[in-house]
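Colleague: Here is how the chains run, residue by residue.
Protein chains: 2
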Amino acid sequence: MKTQEKDSRDIVPEPTVKRLPLYLHFLKKAKENGVLTISAPIIGQELEQDPTQVVKDLAYTGVKGRPRVGYNIYELIKGIEEFLGFNQVYDAFLVGAGNLGSALINYPEFRSFGFKIIAAFDISDDVVGTQRGDVNVLHFNVFKELASKLKVRIGILTTPAKVAQEVAEQMAKAGIRAIWNFTPVKLKLPEGVIVQNTSMYSNVAVLVMKLNNQLKKNKD
Amino acid sequence: MKTQEKDSRDIVPEPTVKRLPLYLHFLKKAKENGVLTISAPIIGQELEQDPTQVVKDLAYTGVKGRPRVGYNIYELIKGIEEFLGFNQVYDAFLVGAGNLGSALINYPEFRSFGFKIIAAFDISDDVVGTQRGDVNVLHFNVFKELASKLKVRIGILTTPAKVAQEVAEQMAKAGIRAIWNFTPVKLKLPEGVIVQNTSMYSNVAVLVMKLNNQLKKNKD
Chain A
3 MKTQEKDSRD
13 IVPEPTVKRL
23 PLYLHFLKKA
33 KENGVLTISA
43 PIIGQELEQD
53 PTQVVKDLAY
63 TGVKGRPRVG
73 YNIYELIKGI
83 EEFLGFNQVY
93 DAFLVGAGNL
103 GSALINYPEF
113 RSFGFKIIAA
123 FDISDDVVGT
133 QRGDVNVLHF
143 NVFKELASKL
153 KVRIGILTTP
163 AKVAQEVAEQ
173 MAKAGIRAIW
183 NFTPVKLKLP
193 EGVIVQNTSM
203 YSNVAVLVMK
213 LNNQLKKNKD
Chain B
3 MKTQEKDSRD
13 IVPEPTVKRL
23 PLYLHFLKKA
33 KENGVLTISA
43 PIIGQELEQD
53 PTQVVKDLAY
63 TGVKGRPRVG
73 YNIYELIKGI
83 EEFLGFNQVY
93 DAFLVGAGNL
103 GSALINYPEF
113 RSFGFKIIAA
123 FDISDDVVGT
133 QRGDVNVLHF
143 NVFKELASKL
153 KVRIGILTTP
163 AKVAQEVAEQ
173 MAKAGIRAIW
183 NFTPVKLKLP
193 EGVIVQNTSM
203 YSNVAVLVMK
213 LNNQLKKNKD
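As they're listed, the protein sequences go chains A and B. Quick note: to get my numbering, add 2 to the position in the first sequence (first position is 1). Quick note: to get my numbering, add 2 to the position in the second sequence (first position is 1).
Honestly, the hints are just simulated from the structure, not real lab data. Careful: at least some of the hints might be erroneous.
Identical copies carry no separate label here, and so any pair may be met within one copy or between two of them.
In the PhoX-like style, the derived pairs of lysine-lysine whose C-alpha atoms are separated by at most 20 Å in a straight line are [stated by the list, open to error]:
no. : residue 1 : residue 2
1   : Lys175    : Lys20
2   : Lys31     : Lys190
3   : Lys80     : Lys20
Turn these sequences into a full structure, and let the hints steer you where they fit.
Modeller: Structure, rendered in structure tokens:
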């Protein structure tokens, strides 16, 4: 991999990283429909982004468009996938095989986004020993041993909130370097452990608040 | 409701709205542990927020702390709940009763965050007529009639990506005013329809990218 790419990856803004998978999804659909080249304004129009922003975002991948022609859609898809690291697949362990955990295990296409859940863990007798799709639910007491043996670096946390901090600490001790946290708990972990929060409640709050504002405006 | 509160709600920054449910979650836990008053620095320390930011965020709710004492925890919880509109509960319809849809139906505590899923819809014979918890899965062809009759304003979209736009349009026609979109599709809807996106893939992208960077740094 070229040094230039590595450097740009270090300073890429998070909003860009969040938009790139959306471009990727759109581009793959366009490719399926037979599109061969595509311009930044078209991408921008489809995804409601300023074309200048689209050009900036895509420049991080190192793929260049041609004037009046646009981007080669195959090159662009490959470029985004490589840039995001989606061309390699990390193994992931999930802890908390309840409804949300099961949904994530069965979520389509995670694999094409750079990771694959290879085992789930829980402590409840009701679920330990069962399967979700082709993923086994194991007892959490074998988590550390397996994570070390298989060098698993990504952990997905879908436990009840009250055990989240404890489970996250165990994950870190087992060598997990990145935790995708679905609980509302603000995790406190040793430096170097990456935490990505997906708070359902925060999203709900924004939605309900906006709806409240709108309904009130209409009433006024 | 006081005019002052309504005005401040109109201009409240989205990051504040996203943090308030996290404060709320922490405060409820502290209350359960017998805490009666709490200061902004303590809240900030627990949630890794600058205390000045905590004071700013909480000021939007209209609840005031007292010097050297802090906030009355009961007042503060009530204040945040009222401010976010969580003291009322919106009915919501969910479309797409697959794994993710089922997980959301069974997600704990949504009700205390301002909404309740009262019915789910799908088109697959495998799931129409079944139940998720105490929520019935109905055929999507009765969505419009029921949404109008029950004046449902919130729709949750957990369908496959390829039908997302079409279903969202049907939702809007049925009077849905706010859509919580879990698909990677950028929805195009009439003005006035609120869309809140929760893109699993964007979150994955950020996580995988950060992990890539870190593993590379350690290797260098």
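Colleague: Would you mind marking each hint as holding or not holding in the structure?
Modeller: Taking the hints in turn, this is what the structure says about them:
no., hint, in the structure
1, Lys175 x Lys20, "neither (29 Å within a copy, 30 Å between copies)"
2, Lys31 x Lys190, "between (40 Å within a copy, 16 Å between copies)"
3, Lys80 x Lys20, "within (17 Å within a copy, 34 Å between copies)"
Violated hint for the displayed structure: number 1, the only one.
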